[in-house]
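Asks: Okay, here's what each chain looks like letter by letter:
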Amino acid sequence: MMLNIEEKGAVVLIEVKEERLDAHNSGELKSQMLSLFEEGKNDIVVALHDVRFVDSSGLGALVSGFKNASARNGNLKLCGLQSQVKSMFELTRLHRVFEIFPDTAEALASF
Amino acid sequence: MNEKIEVDIKVPNQTRYLGLIGKIGEDIARTLKKYHGDREELAYHLNLVLTEAMANAICHANEGDPEKEVHVSISFADRVLNIKVYDQGQGFDVNALPAPDFQNLEEHGRGIYIIRTLMDRVTYEKYAHGNVLEMQKTLK
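Protein sequence lines correspond, in order, to chains H and P.
Just so we're aligned: the first sequence equals residues 71 to 181 in my numbering.
Just so we're aligned: the second sequence equals residues 42 to 181 in my numbering.
Derived by calculation from the structure, the hints in this document are not laboratory data.
Please note that a few of the clues may not be correct.
[Stated by the list, open to error] Derived DMTMM-like pairs (lysine to aspartate or glutamate); straight-line CA-CA distance at most 25 Å: (1) 178(P) with 76(H); (2) 156(H) with 166(P); (3) 181(P) with 160(H); (4) 100(H) with 76(H).
[What the hints assert, rightly or not] To be clear about the criterion: a stretch of chain P counts as covered by chain H if any three or more of its residues have a C-beta under 8 Å from a C-beta of chain H, and this derived list gives those stretches: (5) 104–116; (6) 161–172.
[As the list claims (entries may be wrong)] Chain P is nowhere near these chain H residues, computed Cβ spacing over 12 Å in every case: (7) 79; (8) 80; (9) 93; (10) 108.
For glycine and all other residues, C-beta sits at the position ideal for the given N, C-alpha and C.
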């Protein structure tokens with residue numbers, strides 16, 4: 071799975087460079103986030119600009135990251151959701167859980 | 042002329058084939074002659090229900106066994122889209138699955154809910170070598 075991981079001050083930016091975030095690759099995103107938590111990096115922005123398709127496993131990986139960040143007094147925020155991807159969050163009511171920003175700069179500035 | 046489409050495909054029991062099957066669903070949505078709804082939304086939804094049903098067959102019913110296979114059959118006739126996903130596993134009771142708990146944030150349990158929300162009719166029944174998840178939707 072193609073992920074760009076970059077530290078932006080105290081926040082880690084994960085850019086998902088895939089068209090699909092699904093049951094095939096979401097496990098890798100989940101384990102990358104777990105590695106960051108183990109290093110004490112608990113504030114994360116996941117940028118989904120390139121992702122045009124997400125399934126329930128992809129959502130599950132993001133939920134896992136959100137729960138782990140919250141349990142460590144951190145936060146996981148999202149940015150760059152394409153309209154169909156955003157509708158998935160609405161369908162599963164997860165848009166009420168995550169803080170979602172239009173672009174990366176706004177998401178990073180919100181910490 | 043009444044538009045009839047039949048697609049039958051078998052793939053190994055591996056998640057790497059999810060994208061391929063999902064793409065076929067998208068292409069069907071874009072190819073249908075008469076559809077008065079939002080085609081791009083339908084394309085996403087068909088990609089999604091195929092991906093969810095296949096992932097369920099691969100990871101749960103077939104327990105990730107690479108020796109098994111998943112058979113997907115998509116047909117369209119008389120405005121009714123019918124998708125069948127055959128697994129080779131023990132099966133589970135699709136009607137016994139609860140709706141996701143929206144109050145408590147769970148990592149799993151949204152797949153069948155998504156399928157149920159987007160399709161008109163969903164059943165899961167035994168066949169000779171396993172079980173078949175059948176999903177129907179009337180397209181207007």
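Asks: Verify the proposed pairing of residue 178(P) with residue 76(H), using a straight-line Cα cut of 25 Å.
Replies: violated (44 Å)
Asks: Is the nearest Cβ of chain P still more than 12 Å from the Cβ of residue 79(H)?
Replies: The claim stands: residue 79(H) keeps its Cβ more than 12 Å from every Cβ of chain P (closest is about 27 Å).
Asks: Count the residues of the stretch 161–172 of chain P whose Cβ falls closer than 8 Å to any Cβ of chain H, and tell me whether that reaches three.
Replies: violated (count 0)
Asks: Please work out if residue 100(H) and residue 76(H) have their alpha carbons no farther apart than 25 Å.
Replies: Judged against 25 Å, a Cα distance of about 16 Å means the pair holds.
Asks: Does residue 166(P) sit within 25 Å of residue 156(H), going by the straight-line distance between their CA atoms?
Replies: violated (33 Å)
Asks: Since residue 108(H) was said not to touch the interface, does its Cβ keep a gap of more than 12 Å from each Cβ of chain P?
Replies: holds (18 Å)
Asks: Beyond 12 Å from chain P, beta-carbon-wise, is residue 93(H)?
Replies: Incorrect as stated: the minimum Cβ-Cβ distance to chain P is 4 Å, not above 12 Å.
Asks: Does residue 160(H) sit within 25 Å of residue 181(P), going by the straight-line distance between their CA atoms?
Replies: holds (24 Å)
Asks: Quick one: work out the minimum CB distance from residue 80(H) to chain P and report holds if it exceeds 12 Å, violated otherwise.
Replies: Correct as stated: the minimum Cβ-Cβ distance to chain P is 24 Å, above 12 Å.
Asks: Examine the stretch 104–116 of chain P: at least three residues should have C-beta closer than 8 Å to a C-beta of chain H.
Replies: Result for this restraint: violated, n = 0.
Of the numbered hints given earlier, the model fails hints 1, 2, 5, 6 and 9; all others are met.
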